[in-house]
Every structure is written in C-alpha cells, then in structure tokens.
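Chemist: Sequence:
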Amino acid sequence: MQINQLPFGITQWDQIEPETHPGDRGFALWRTQRFNDIRVRMVEYSPGYLADHWCLKGHILLCLEGEMVTELEDGRRFTLTPGVSYQVADNAEAHRSSTETGAKLFIVD
Numbered sequence: 001m002q003i004n005q006l007p008f009g010i011t012q013w014d015q016i017e018p019e020t021h022p023g024d025r026g027f028a029l030w031r032t033q034r035f036n037d038i039r040v041r042m043v044e045y046s047p048g049y050l051a052d053h054w055c056l057k058g059h060i061l062l063c064l065e066g067e068m069v070t071e072l073e074d075g076r077r078f079t080l081t082p083g084v085s086y087q088v089a090d091n092a093e094a095h096r097s098s099t100e101t102g103a104k105l106f107i108v109d
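Mapping the sequence shown onto the UniProt record's numbering, position 16 (from 1) lands on 16, and the numbers just tick up by one.
There could be a bad hint or two in this list.
Here are the simulated distance ranges between beta carbons [claimed, not checked]:
hint, residue 1, residue 2, range
1, 4, 25, 38 to 48 Å
2, 100, 18, 17 to 27 Å
3, 25, 93, 20 to 30 Å
4, 67, 93, 12 to 22 Å
5, 60, 9, 12 to 22 Å
6, 94, 67, 17 to 27 Å
7, 21, 65, 31 to 41 Å
8, 24, 2, 33 to 43 Å
9, 108, 17, 16 to 26 Å
10, 56, 25, 34 to 44 Å
Only pairs whose alpha carbons sit at most 16 Å apart, straight line, appear in this in silico EDC-like list of lysine to aspartate or glutamate [said to hold, decoys possible]:
hint, residue 1, residue 2
11, 57, 71
12, 104, 73
13, 104, 14
14, 104, 37
15, 104, 65
16, 104, 19
17, 57, 14
18, 57, 90
19, 57, 37
20, 57, 73
21, 57, 109
Don't read these hints as lab results, they were simulated from the structure. Ideal Cβ positions, reconstructed from N, Cα and C, are used throughout, including at glycine.
Using the sequences and the hints given, assemble the complete structure.
Modeler: See the structure below:
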C-alpha cells in the first residue's frame, strides 16, 4: 500500500454516525472514513454476532475491546483479544468473524 495525497488530519470516531450491518446473528456498527482508495473503520460487533458472508477483502484488523473469532473457510480459527491484530490480502483466504461477547475493532482496507 502506498498512501499518497493525504494531508494530516484527525478523526473523532464518536462523531461519525454509525451504519448498522446485520449479520446472520446480531449486527455490526460501522463508523467509516475514506481516504482516496483506503477505507478506515471503527467497527463494533454486538454480542452473539456472526457475519452473514465469507469475506475475500483484504484487511488489517486490530481488536480494541472484547473478543472475536475469525474463521477461515478451510476451518482454521483464530481468537483475537485486545491488542491482537491480523492481516490478510485481497482474494487470499476467505474469512468470517463471530463473537459471543461483542468486540470493538479498528480496520484498514
């Protein structure tokens, strides 16, 4: 990734109106900023959330609060807790997220 033509700025995440995205179970609240081709999000998963699709988008994701499980389509599972991140390339490994307790994430894609 190369970041071009992006002047210094700050984001006050609590002032961005959240969008609700339903999952197979529960929901996700997305607060989204776009900087040219880069999407940056603060995402909160409700307790009991399960994604409604297998995702092929590349991400860098950092767990800030709670606990979430990322499952790969091949069956591998990874648990993220505060301070743990993952990274995956576009079209590399299909993945989906779930959480029993809820989670807050910072995502760049």
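Chemist: Decide, hint by hint, whether the structure agrees.
Modeler: Hint by hint, here is what the structure shows:
{"no.": "1", "hint": "4 - 25: 38 to 48 Å", "result": "holds, 40 Å"}
{"no.": "2", "hint": "100 - 18: 17 to 27 Å", "result": "holds, 21 Å"}
{"no.": "3", "hint": "25 - 93: 20 to 30 Å", "result": "holds, 23 Å"}
{"no.": "4", "hint": "67 - 93: 12 to 22 Å", "result": "holds, 21 Å"}
{"no.": "5", "hint": "60 - 9: 12 to 22 Å", "result": "holds, 19 Å"}
{"no.": "6", "hint": "94 - 67: 17 to 27 Å", "result": "holds, 22 Å"}
{"no.": "7", "hint": "21 - 65: 31 to 41 Å", "result": "violated, 18 Å"}
{"no.": "8", "hint": "24 - 2: 33 to 43 Å", "result": "holds, 36 Å"}
{"no.": "9", "hint": "108 - 17: 16 to 26 Å", "result": "holds, 20 Å"}
{"no.": "10", "hint": "56 - 25: 34 to 44 Å", "result": "violated, 21 Å"}
{"no.": "11", "hint": "57 - 71", "result": "holds, 14 Å"}
{"no.": "12", "hint": "104 - 73", "result": "violated, 23 Å"}
{"no.": "13", "hint": "104 - 14", "result": "holds, 13 Å"}
{"no.": "14", "hint": "104 - 37", "result": "violated, 23 Å"}
{"no.": "15", "hint": "104 - 65", "result": "holds, 5 Å"}
{"no.": "16", "hint": "104 - 19", "result": "holds, 14 Å"}
{"no.": "17", "hint": "57 - 14", "result": "violated, 25 Å"}
{"no.": "18", "hint": "57 - 90", "result": "holds, 5 Å"}
{"no.": "19", "hint": "57 - 37", "result": "holds, 13 Å"}
{"no.": "20", "hint": "57 - 73", "result": "holds, 13 Å"}
{"no.": "21", "hint": "57 - 109", "result": "holds, 8 Å"}
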